[in-house]
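**Student:** Residue numbers (UniProt numbering), protein chains in the order written: chain A, 1 to 745; chain B, 1 to 326; chain C, 1 to 208.
Note that these hints are calculated values from the structure, not bench results.
Remember, it's a predicted structure, so these values are computed and weren't measured experimentally.
Even glycine gets a Cβ: it sits at the ideal position worked out from N, Cα and C.
Any given hint might turn out to be false.
As the list claims (entries may be wrong) - Pairs of lysine-lysine residues, derived as DSSO-like cross-links and limited to a Cα-Cα distance of at most 30 Å, are as follows: (1) K145/C <-> K47/B; (2) K76/A <-> K52/A; (3) K303/B <-> K743/A; (4) K305/A <-> K295/A; (5) K176/A <-> K157/A; (6) K63/C <-> K53/C; (7) K310/B <-> K732/A; (8) K145/C <-> K497/A; (9) K626/A <-> K732/A; (10) K53/C <-> K47/B; (11) K11/B <-> K145/C; (12) K743/A <-> K26/B; (13) K303/B <-> K281/B; (14) K732/A <-> K321/B; (15) K39/B <-> K123/C; (16) K26/B <-> K122/C; (17) K57/C <-> K47/B.
Said to hold, decoys possible - Covered, in the sense of this in silico footprint (three residues per stretch, anywhere, with C-beta under 8 Å from a C-beta of chain C), are these stretches of chain A: (18) 111-121; (19) 378-387.
Said to hold, decoys possible - Calculated from the model, a selection of chain A residues having no Cβ within reach of chain B, i.e. all distances over 12 Å: (20) R124; (21) D209; (22) L431; (23) G570; (24) G655; (25) D675; (26) P698.
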Amino acid sequence: MKPQDKHIGGTLNRVDGHLKVTGAATYSAEYELPGMSYAVLVGSTIAKGRIKSIDARAAERAPGVLAVITHFNSPKVPGFTPTGKDPSQPQTVGGRLKVFHDDLVRFNDQPIAVVVADTLERARFAARLVKAEYAAEKHETDMSAGLKQAFVPTQAKKNPKSPVADYVRGTADAYKTGTRRLEAEYIIPTEVHHPMELQSIIAHWEAPDRLTLYDKTQGTLATRRDFAKEWNLPEENVKVIATFVGGAFGNALHSWPHESAAIIAAKKVNRPVKLVLTREQMTTMVGYRPHTWQKIGMSASADGKITAITHEATGQTSSYEEFTESTVQQTRMMYESPNVNTRYRLAALDVSTPIWMRGPGEATGAFALESAMDEMAYLLNLDPLEFRLRNYTDKDPENGKPWSSKFLKECYQMGAERIGWNKRQLKPGSLRDGEWLVGYGMGVGTFGAHRGSSKANVRLLPNGTVVLQSAVTDIGPGTGTAMTQIAADALGLPPDKIRFEWGNSQFAQAPTQGGSAIVNTVGPAVQEACMAMKEKLRTMAGASNAAFASARKEEVVFADTYLTLNGNPGARASYADLLKQTDGGFVTVESKPNGENNQKYSMYSFSVHFAEVRVNPLTGEVRVSKLVSCADAGTIVNQKTAGNQMKGGAVGGIGMALMEAAVMDDRFGRYVTKDLADYHVPVQADAPAVDVLFVNQPDPHVNALGTKGIGEIAIIGVAPAIANAVFNATGKRIRELPITPDKLV
Amino acid sequence: MNQFQYIRPSKQQAAIEAVARDANAKFIAGGTNLVDLMKRGVMAPQKLVDINRLPLAKIEHENGGLRIGALALNSAVADDRQVRERQPLLAQAINAGASAQLRNMATTGGNMLQRTRCPYFYDTALPCNKREPGTGCGALEGINRMHAIFGFSDKCIAVHPSDMSVALVALDATVLVSGPKGDRRIPFADLHRLPGDTPEKDTTLEPGELITAVDVPDGPFTKHVSYYKVRERASYAFALVSAAVALDLDGNTIKAARLAFGGVAHKPWRLQTAEQFLVGKPATEETFRQAAAVAMQGAKAFKHNEYKLKLAPNTLIQTLKNAAAA
Amino acid sequence: MNTEPDLPANHDEARRNFLKQSSLLTALALVPGPVVEAAAQNLDERVASAFEKVPLKLEINGKKFKLDVEPRTTLLDLLREQLHLTGTKKGCDYGQCGACTVHVDGQRVNSCLSFAVMHEGKKITTIEGLADGDKLHPMQAAFVKHDGFQCGYCTPGQIMSAVACVREGHAGSEAEIREYMSGNICRCGAYTNIVAAIQEVKNGGQKV
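Isolated chain A, as found in the complex (with noise of 0.2 Å):
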């Protein structure tokens, strides 16, 4: 082994494990500044509408007040002036919520209002003493009216190749003509990502045209852009720190109306403004998977060969702004057919807008997909495992292209053996443990293996120590650790001598946190800095020594104080001395994926998921009794902490399986399940043992390192194989989520 290949692929601790078990590591609402105020929400209990007026007088009057602020109030936010001639006009289609800038009422619980107080006590008391009058209008909250009036995405009417316009190969429909067919609607419910750290956020002008955010953000530039823009500020006057994000699994790509409302209260009260939303606001404000209708036609041959798929998609969406997601493309490329077509279309309601949730489009879609893959291998009489090898695909079949790597066969074969699939019986129904039915159930996935462009700043201190900064954040999958690692690798240098720093606007650009796409894309920013620096130092070293000047960069060693070559450890360059320079060992790069790479190469991370599963045949009851999750996502870079975050997307798709449905009263247009008693998810109980396994083959194409991804693979296609695995227990096939007791008494 190479030493400098030592740390990837290992299981180092996490390098933030320490501040996460004593309670020391600091999350957004946990920053103490003088003069501290609290904000709370007043949420709307109408769904569409204007407001008539509002009553602050009782709340403004109550102990420790310092504002009630409400479109009648707010200060003028510059980036909420209509664009449109009449500035009277409501905002237009297409852009985020402009917090308490109009009477006009979107969603039930929309914000109408905020309570400023000195305690969370007084502004929560306070908050309840606030009365609005409505004109209430008619809303449509029901899916199925909004299907009636789906539409296809302004997106895919302006570009006919966005990726959700419509695609076809083929011959569209094709599969109605097939003589061994099926056709089947799916169905998943809103679903809420319930992160466990509640969305908070320390908004803190601290001069009139600079401002500080302490925010949950998956992305701290992407957060200093929108707000920068609100207040029609220079970017470097916004400031973003989420440097600990308790899980967001989505919910915090966008910015929401709580951040408007925290920047607006904290310019009004001139003091730093906490707002911490409740655990029903999670719901009706900060984004959600949305409820999705979905059909699929497919027909085969008689040899197990499928000859058409057609995937139709209508996700729900709000009435002020098109949220689209990528929910028929992996029908586009997943197995061999010469007929393909999808359609996406999308449901507007009185709704708040959503937001992508783990796995986002993919998994949704997955689920349709994989669940009619085991319902035609049913029809054909086959093995869903042979049915999926019969439809292999070598190639991308939606471009033709060579994948850059794809080991999913390996894949599949790892996880059966390790399954037990060979137990499982075509014949639904035949297995039992005691009074338990038994059944096994499988469900591929598949993700882009998506990488941006990024930078990286590293530096070297005369301790030896070396500091990396970048903007990226770290919501829980150990982005932090994996780049201590590549750095480690880099440098030949101990993990415990590398200081990754993250979390904050200031620091190198790095994308926003989403996609499975940080290693993919700030690995290779971090080697390739760690690399620059080592060169730049070996230069520095140069001037005043020949053995420097004249040695290669993979030649230079990081000892405790100084600099020296492999092979000669006469030469020797002080920290101290070198650092004395101007800038010191200072270097900032920018890495860019490989265009050529990207137009040669079709790249995707793919997973499979294999479910063993017992029924209750009195109650209805399912528990997931094991899960083997295997993934081919290129270079692991830590073996702990991705297997356990595919562990975790194992959960998460438990969860989207079992039990996970937030539900409305349409009448009104409100959520009546919008805590954690009445949304389920999936507690330790629910949690089988996880076996998860890595094919663990770098690929060759995407970055250096090798790497494709997996947060999203661990989630996409685990909901459909315990769908396939309660048919293949019980004998019903369960189209619509969750899979309740209810549907299977």
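Starting from the structure of chain A, add chains B and C where the hints point.
**Tutor:** Same frame as chain A, but now just chains B and C:
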């Protein structure tokens, strides 16, 4: 949350008087439900009388039964050796509820008095006759998949959420109460009431009355018992339907049975007709199926809880099987 | 504990009396300017609020505190917002997630669901009080080793709950651990690793 006056009497009589003379006063013990409801503005007492310093936490065996103090914690009762030996059904039911942390806070008296989890009750922006009489029942024509199939009225179709109470009603417990007019004993089945026209009243307790203990008489139900709770996840969730079963078996013949449902009515739902049906019959699946059919007489479903008409009897069958096999 | 005097009941009355007087003064408008101004700026309410606090003595992580708190302040908000012990997390505020788990007199409880005043004289241990100086508690060390977390937000509650789970004797098997740890939700889904950490501590025989 509004400000309230907080007092912490060390004498039971002082606590009772404080609540009896003030319509806006409430006792607080574990607080696991009251604090929750106060945070959401569902309840807004102006005075809280903290009873935690009253000497009511003992668990004793005397006069042919267990006497469990009202302040005995759920975890203490479930882990108590005497309870586990003499009334294992009660221990099972308690452990089926909430979480380890909540059971370390929730008291025996408070568990009985917990209020419904109906989402319309919890959301002050939605109608609810229980929270605000006269506003209508939001669940009646709304999302009612968690709601009652027995004993409801057109004013309220909420269910009582306690697991412990399902076991207590099955075990013929008696509630000991002390109030401004003195002490009295209430058969457990009479503690909770059906909603009728006054769903705002959960129980038959009079203003100022304090539960001091519950008596659970010794019986033959020390072995063939089972509490089974069907919920949407494996733990830490309220019941879709639950069943408490205690059997006294002579060989395979049922000498006596105690049965109750949870999650089906405004109160824990004792099934006496089905109990009588079982007496003298063999403990077989066929018998259990027939008993479950008897148990379901009079059940009626709403738009979203039709499944309970099947889930409830099936849960009872499963629980009877578990109890017989125990 | 029995020698604890009954908490006096006069706070609320005192506040009401004060407010009644000050509003009378305002109504008369014959009083000196500053008083009228004070009333107009709600300063009367603010002064009145001083009557809303009650004294509270607590021991937190071995340190004794003498505090004045509003009765409506929960133990969780007292820890986080007033004492800046932010290791104890707010995940739901309704007893539905376990992120706020602390030990009160050695028992694990949800600190969000009790008023701080109800813990007069009690000993509270939070995550900040678990380690022995720089030396991690065995459960903390096991969580690091087994990667029993991702985002880390539920972690303090998980660890406090896990320590109690072992002490209570409810860590006898994987199934028992899973049931008795179900009051602590981990949305990242690190459940399997949490069980591994608890089992290691349980089987390691170290003092917890």
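**Student:** If a hint holds in the structure, say so; if it does not, say that too.
**Tutor:** Here's how the hints hold up against the structure:
1. K145/C <-> K47/B: violated (48 Å)
2. K76/A <-> K52/A: Holds - the C-alpha atoms of K52/A and K76/A are around 20 Å apart, at most 30 Å.
3. K303/B <-> K743/A: holds (14 Å)
4. K305/A <-> K295/A: holds (20 Å)
5. K176/A <-> K157/A: Distance ~27 Å between K176/A and K157/A Cα, so the pair holds.
6. K63/C <-> K53/C: holds (22 Å)
7. K310/B <-> K732/A: holds (16 Å)
8. K145/C <-> K497/A: Measuring from Cα to Cα gives roughly 20 Å; hence the hint holds.
9. K626/A <-> K732/A: Holds, at roughly 20 Å.
10. K53/C <-> K47/B: Measuring from Cα to Cα gives roughly 14 Å; hence the hint holds.
11. K11/B <-> K145/C: violated (51 Å)
12. K743/A <-> K26/B: violated (41 Å)
13. K303/B <-> K281/B: violated (36 Å)
14. K732/A <-> K321/B: Within the cut-off at roughly 24 Å; holds.
15. K39/B <-> K123/C: Holds: K39/B and K123/C sit about 25 Å apart, inside 30 Å.
16. K26/B <-> K122/C: Holds: K26/B and K122/C sit about 23 Å apart, inside 30 Å.
17. K57/C <-> K47/B: holds (21 Å)
18. 111-121: holds (count 3)
19. 378-387: Since three or more residues must qualify, the claim that chain C covers the region 378-387 of chain A is violated, with 0 doing so at under 8 Å.
20. R124: violated (6 Å)
21. D209: holds (38 Å)
22. L431: holds (19 Å)
23. G570: About 63 Å separates G570/A from the closest Cβ of chain B, which puts it past 12 Å; holds.
24. G655: Per Cβ check, G655/A is inside 12 Å of chain B; nearest 9 Å; violated.
25. D675: The assertion about D675/A is violated, with a minimum of 8 Å to chain B.
26. P698: For P698/A, whose nearest Cβ neighbour in chain B is about 39 Å away, the distance exceeds 12 Å, so it holds.
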